[in-house]
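Hey, can you piece these two chains together into the complex? The hints should help.
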Amino acid sequence: MDIQNLPILTIIIFLPFVGSIVVLFNRERMWVQSVSLVTALLSFITTLVPFWIFKSDVSAFQLEESIPWITSLGISYHLGIDGLSLFLLPLTSFLTVACILVSWNHIKVKEQLYFVMFLWLEAGVLGVFSALDVFLFYIFWEVMLIPMFLIILIWGSANRRYAAIKFLIYTMAGSVFMLIAIIVMAFLNQKMGSGFGFDLIDWISLDIPFKLQAWLFVAFFVAFAIKVPMFPFHTWLPDAHVEAPTAGSVILAGILLKMGVYGMLRFCYPLFPDAVVYFTPTVIALGLIGVIYGAFLAFAQTDMKKLVAYSSISHMGLIIVGIFALNATGIKGGIIQMVNHGLSTGALFILVGAIYERKHTRDMDKMGGLAARVPVLATFFMIIMLSSIGLPGMNGFVGEVLLLLGAFKFKWWVGALGATTLILGAVYMLWMYQRVMFEEERSGSDLVFSDFCLREKIVMVPIVIFIFFIGLFPSFFLDRMVTSTDKLLSYINKQPVVVAMIGDNTQIHNQGLEDEFRYTRR
Amino acid sequence: MLFKAIYLLPLLPAIGVLINGLLGSRFGERAVAFVACSTVGISLILAIGMLYQMLIADPAQRVVTSTLYRWISDGSLQINIGFLIDPLAMAMIMVILFVGFIIHFYSIGYMEGEPGYRRYFVCLNLFIFFMLVLVMGDNLILTFVGWEGVGLCSYLLIGHWFHKKSASDAGRKAFVVNRVGDFGFMLGILLVIVTFHTVSFAELKTILAGSHGIPAATLTIIALLLFTGAMGKSAQFPLHVWLPDAMEGPTPVSALIHAATMVNAGVYFMCRIFPFLQQAPYVLPIIAFVGLLTAVYAACCAVGQKDIKKVLAYSTISQIGYMFMAVGCGIYIAGMFHLVAHGVFKGLLFLGSGAVIHAVKGEQDIANMGGLIKTIPVTSFTFLIGLLALAGIFPMAGFFSKDAIIMGGYERFGIVYWLFGFGGAVLTAIYCGKLFGIAFLGETNFKGHIHKPNFFFNAPLVILAFCAVVLGILGLPMFTKNTYFAKFMSSSFNLGAGGHAAQGHGISLQVEIILTLIVSVFAIAAVALALVIYSRHRKKAVGFEARHAGLMTVLFEGFLMDKLYDTIWVRPLKWISKNSNEVVDHKIVDGAVNGTGKVAMGTGKWLAAMQAGYVRHYAVSIVFGVAVFVGITVMLLF
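If you read the sequences in order, they're chains A and B.
With this note's numbering applied, the first sequence covers 1 to 522.
With this note's numbering applied, the second sequence covers 523 to 1160.
Chain B with its partners taken away, still in its complex shape (with noise of 0.2 Å):
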């Protein structure tokens, strides 16, 4: 039985990362990647033996779970070292090691002759570890440790060219964001234990299935700290502002952690802790809210960028937010499925990106590139595929799980959502439009020789796109709660089986096929439209983005975010700190203290007027002052 050797998953990348830490300095470049990958391989080799098994179980069997040891204990709190691995936790697992070792065979050649390419190989290894820690973990507390430990890997990776300031700061911000993110995460954890005097997500779960007397204010509470901590992570409004900075990083780093992995840990983990939500009667909308807004907001600023990493950093932030949408419109498994179909198809888009920005020597500007299908045909055919399946083109997998969302909105929260999902999924397909009508149509403004990927660049893409076209199966039978994937999820959910529909309007068949054509049909017009726009009138297209220079600016700032927490926050506090060190300590605090001791020295030199020397000095005082304190005291007392 595989499932005996959970743990393995996780320690086979903690082993390579070990090798090559530190060994590798003698190693070369080949023999470093080859670690690297191989033991993610052979990660990636048992999990699928374990979905087999997982898939041929009996659906009650799917749970499975290893204790390793006691971690920390306080009284009754128990803390274990222990893994869990259910569907929601094979789902990740899945798109962790298939993407992650994809990405991995695509940094031998992406990262080949740089600096620091054992540094990044050990950090993309110790990435994959803690990702897994993070979702097999059975206790709050442990994937509260992945969950700082991928935080750890993204500040390492975003500032792996730590030599340039703009690596490094991006770096920083995105550690500190999250951070502040995690603070919510982490008051929310100390909630969980003196509420629950345990964190392990199977009692939580037995103890909320029951009658448990637990208020549901504080059961609120407890979700929306877990939710910070979930929107610091997953770049969800307004804690999204270090995702477009992360694209510092190197590009196959921004598919594994910014695109495919990582971000998408906040979703995972709303649908992990899915009892409280069920529980906590604001929280669901709230969530709701959250994503389609980021959702929206994040798809407008994707349709003002220059760069062809910030579209898809922005469009990443807007995906997210619709699988927040999915859960807080409690279909958490149309949430997964959206988490893995995007996992698919967003890695493939920066991929194909890194292998564009390859070709024309780090350019990244896409209005420097253009007519790239005739040089890289495989490249840009593709990133076609994977941008087809951004825009929710039938019939690849965006389509179905972007469709369940937005249908889920309109059964929940009624036509307004729907048309604010519908509104995102037109901007997505316009900026998907536009990217690829700018960068891959029309005629080429690169001037210069363009670099051939090879095969370490094209086996990648060719895969992925594959998968991006076939895994919308797993959505069929559409229109049903029943699709491949519910079925396999579902054991995972059991405790909110009537949270799937039954709080919604209930829709009739045919309205939910009108909507999703209606949906398709504007995405597929939009996606047109703008690639025509853009690759045979660019002319006229940048006449008009010139006309309203404002707005795009506004737009390509994103909304001025930065400025505006720059403005309240960080100049603030920085004028704090100044002060603090300039006035307060130093005038203020040690300046009484200076005070006190001129006028004790004035003293002790009257005092000791005939010694020289400082030590002497000081005893005679201490004697004095002492004999005459203990005077005192003892005739008060005595």
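Chain A with its partners taken away, still in its complex shape (with noise of 0.2 Å):
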């Protein structure tokens, strides 16, 4: 049989779904363990297939199904992906593996369900990343909230009851005003396209006037936003970092965030073009905000996870004003940094973790010299931390300069402003890494503990071999991204848009605005 005629989406989306069925047959600890661990590297294995069918000169959705599935509201179940999902699909999968090896051994509570539990939250994520239908959409959006709300709440730290609650509250506000959106989009369909249906493809047809499209953009936009997340909807996250397990924070900072960004480029850019040519500068003030706010933060806390917690918002801050820019250069610096923040923090987190399993603490103030103890650990985190704070050679610099080359593209003083992370990045991470593996030990805890064990390195090589392979050959990604690029930014160019130069005042005329909403760079 074909490979192309086989349904690989939906095969990659329930393969862990069925593993987490086959986990409750025992529950034995090696038996949870050992099916878990098999179904996600099989996940994995499958995320990877579509790289191979995948061509990159098309600019349609690929590999994709569709299924009528509650027709009479014109829901079906619609799958696709492009260049935007196809690295995120393995990066999920090959995170969640990471998450298994993290969590093994090492769950005292519920163990079956702790391991189901995450195979439903890739499923969810993988879900989420492949839907094409809104509705479709929205289902794996709200489903996968559920083992994540239940991760941080029965496998989390001491305050992990607030800590849930508010993470749950924040999203489901978002969630709400999303909802709303999606259903008056349903309705708009009907009334302007091919009847009331939740199909995405059918939706971007549409042409909304403008004020509509500037209330759904707000919709749609706020819920992504509190997900990446945006200043100032950003409160949840440390506190959901601080109490969720290590493989919890892992999967919340290496993937949860990405759907936010991912949405933005998924619906707002192609639903609301000129909604979001509008709000661009709101955005990018926001984004920017975050940049240097994010790292501010970090550089103030004590607990490790905390200054991570902080500096993803520091970097998904970059990101934001990175795909905000308008230009194909900062969208494809937003996709690349993506897969490099998932793989750089979602390290730092299992790092900090080990960490904490061998101190039994995360606070700076009580560590020190752990570099001459735990030599190995050491140098990984150094790894990641250089990845984290964009060394060329390694995976954030692509990121790093592809996004500060659309910024600046954008405005010189925005890409400048965003620039600032090269200074305030190193200032926190270095200081984070000499006062936990330099110096003495400031405690004076005699505690006694091991370098990374076999298991942990099993985790840790792969992703430095990523991070290098991102570094070192981008244009693998790179070349996969750019039709799909090209194709956002085409939505948003309806019109023929003069990039802007520097110095020189550059309007984007949009006809399809009314004249009042006529919006002039300069």
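For the record, the hints were derived by calculation from the structure and aren't laboratory data.
Hints may contain errors.
To be verified - Heads up, simulated DSS-like pairs for lysine-lysine below, C-alpha to C-alpha not over 27 Å straight-line:
id, chain 1, residue 1, chain 2, residue 2
1, B, K686, A, K359
2, A, K359, B, K1100
3, B, K1096, B, K1109
4, B, K686, B, K1096
5, B, K1100, A, K366
6, B, K828, B, K883
7, A, K191, A, K487
8, A, K366, B, K687
9, A, K366, B, K686
10, A, K359, B, K687
Quick caveat, the model's predicted, so the values are computed rather than measured.
Have a look at this one:
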């Protein structure tokens, strides 16, 4: 049978779910863990399959599957990927494998449920990244909240209840707005298009009046901005991270935050292009605040996990700036940086977790001198930290250069403000490294602990390999996203747009806008 | 043709990094050192072969490029992993690999028995790799890769003894201050990309050579931004504060990174982008001014230092200032000549100071040394040669290179620049004489057994001392723009052929000779005087310094720049950071959210009074809320 005729995306999404049912057959620890691991590995392999089939010169969605589902409401089971989701699928499945290995023999209560939740979470996220029916998307989006909520609530640390509920309220609050907008869109489709329905491809062809676009954009955007999280919707993130178990933090930072950016590109760009242009200055301002404010907050932390959480806010802020710079460079940078951030921040949380297991604290004032005691861990930590602060040769640099270039093309001073991340990132990361790894032990504790074990090395080595692979051969990724980014941009540039050069005034004339909304870039 | 394999030069040290990094834990010290030294050694042999081929080639054929693969592409912008070797790069490569190899060899003995021996050699090899990428990169981004990479190695090696807080702080400071410069560098690159749509040096040169129509203002901004990067890396005022602290690292590291190679990268880089400088009207005077200011400022500071390595550190800052002054005068080749000469004699001085520190068991305060010439003669004599070269005494290499720069200042900017350049040279001579007088002559102040340096120490010193003496040949024939070195280098700077002297005042040979003699005589006198005062009449000299303790403290603390930065940058930023966290984020932003949350919860509780448990609670709220909103919206819309 030809591989192209297989419903690959369905297999990708439901494989973890099937695996989670097999997990339930036996309560024994080895069974639960092994089945989960095998499922996650198989899932990772299946998410790599699209790389062979994917044609990078095709702008339409690929690997499409469409089955009518609730025909009376125009809901179908419609899946498909493009150069945006192509990379997010393997990122998700890869980090899930890492999470299962990180949790190996470390779960004390309700072990079976824990691993089932992770597989569900994976299935939900993979669904989010491949759904093309917006109703289906919304279901996956909400379904995936439950396992994440439970992971924080059940396996979190002391203040987990507060954090879990804050996480839930926040995301749900955002989702409500999105749900309203989705329903309105379905009605719009009935009014202007092909009847009541939720198919994204139908929606894209709608020509929505600007005022309505603006409202709908805001409704979608708030949901995604909370997920990212963007300033000022970010306060749930540090709490959630601090309380979540290590693997929960990895998924949260590595994948869940990406769903917000993904949503903006997948929905806001094609559906509300005029609104995107209109709101760009606001969004970029919030993004820049995130970059700088997040970095300052990171610097003020004493808890390692909080520091990494705030650094995420800073990094994600730059991604937002890049994708809203309205040029291909920034969008490409944004997509590749999503993968990079997933790898490096995911890895940072794994390392923080590994240190916590050894020191039983995350308070940097009670650490110091670890590099002498756990040199292998320290080396991995150094590599990951450098990846995170964008050292050339590693993945972070490629993303950072493209993002900054995109921002710089938009407005030079946006690029300049964004580039402060070069300095600020180094300040807080190196300071963390010094307090944890260098100098002498500050707490005076005489805990005896060992360096990285084989399992931990198995988790970290592939991450490091990917970090260098992306850093040295980014074209492998960039070439596959060119067509999709150009297509995203073509929604915005329905009318020809003169790309702003330094120093001159460039206007975007978008005749789809009513005159009063004509927006001038200066 | 060896040239086909230019990528081997950086590849070999990289292989050394991989071997020692991945497998080295099973090796003994000697095996680790062997791998590290041999990879650099083979690279050096290859480089010498390439130099030979370059010398016999026609000057027009002295540029070799090799593109490995397309790295990043964005529309029409193509960034390749590609290397370029021309005489300019070749000069740097020779310094890097020659001094680098010698320092690798020296480190075998110096680091013996130290914890972190393997880590040290891995970082050292990695440094050579990145440094070669920096000078061989054929585009701005690849140069930036090397630029950041050497910064990383510098950070790791300064903090080699990381258990010391001072060493960790110094490494971090170096990295962060460099990043401040790199911020400018990055913006410069971005501006180049949006202006030229390419980052390749060759293409940029071609575009700039033609009628490009790019406003001079844009070129000026680009040049200034890139110069900011160079200021950071090359420790120019006011971004020099990291270099004196960087002396926390092992001494061979100071010799390699913080004297011979990395800190000069800024000068190299300015030479690499000289077409920009030529067309940006106000930039060259700014560079010259910064260079001269740094040269004199750091020379003053060096006089007030007590630690042998800090004297050399400030001296390095000062000498790099001279190099920038050369660049600013448009005499790039003179700047590069001083770079090469300085790389050799400052490498020698640092290795010598390492031998001294080793001999006196870690003592670094020169006041506690004294009379070392009797106990460690080889080290002392080679050190003296280094100091004489540094002070610019005939016939050492430093004499030829520094003279050309001071003269260039006169030609381009007139007598004031000459006077300050001259003043700096006299100060240099004074601190050289003082250092030798206190540490090596006079009475012995060190109580204890002196460690006699072994072969690993002496061989490198002798080789470098020999080079410091003979390198001056490259500066012949004097008083012409056609020295041997200039002939070799000229093809790299052919665009700026008019840039050498054309804009200068044009001075006659007689004046030139007289000025050179003045500088030389004063320098010799100053060295001799300082030597005598600080060896024979040390008590009087110490008494004099004690009477002017305030001035000495100012000099010692580098005009209190660290305190200034602490007040205007570090403290305010920490304050902002602390308050962002405690007040803004927790009280205001989160407070607002929690307030809204409480209201919502209250409503929710009221609505779902009959329900128990949070999840259902929300489910009900959501369903209810959505129903209401959808109803209202639909009614409004249709």
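So, going through the hints one by one against the coordinates:
1. Under the criterion of a C-alpha separation no larger than 27 Å, the hint pairing B/K686 with A/K359 is consistent with the structure, at around 21 Å.
2. In summary, the hint linking A/K359 to B/K1100 is supported, as the alpha carbons are separated by about 26 Å, within the 27 Å threshold.
3. Proximity of B/K1096 to B/K1109 is assessed by CA-CA distance (about 18 Å); at most 27 Å being required, the pair is judged to hold.
4. As the CA atoms of B/K686 and B/K1096 are separated by approximately 23 Å, the hinted pair is consistent with the 27 Å bound.
5. The suggested pairing of B/K1100 with A/K366 holds, with an alpha-carbon distance near 19 Å, which does not exceed 27 Å.
6. With a C-alpha separation of about 17 Å, the suggested pairing of B/K828 with B/K883 holds against the 27 Å cut-off.
7. A C-alpha spacing of about 26 Å is found between A/K191 and A/K487, which places the hinted pair at or below 27 Å, so the restraint holds.
8. For the given pair, A/K366 sits about 15 Å from B/K687 by alpha-carbon distance, which is consistent with the 27 Å threshold.
9. Distance check on the hinted pair: A/K366 and B/K686 sit about 17 Å apart at the alpha-carbon level, within 27 Å; holds.
10. For the given pair, A/K359 sits about 21 Å from B/K687 by alpha-carbon distance, which is consistent with the 27 Å threshold.
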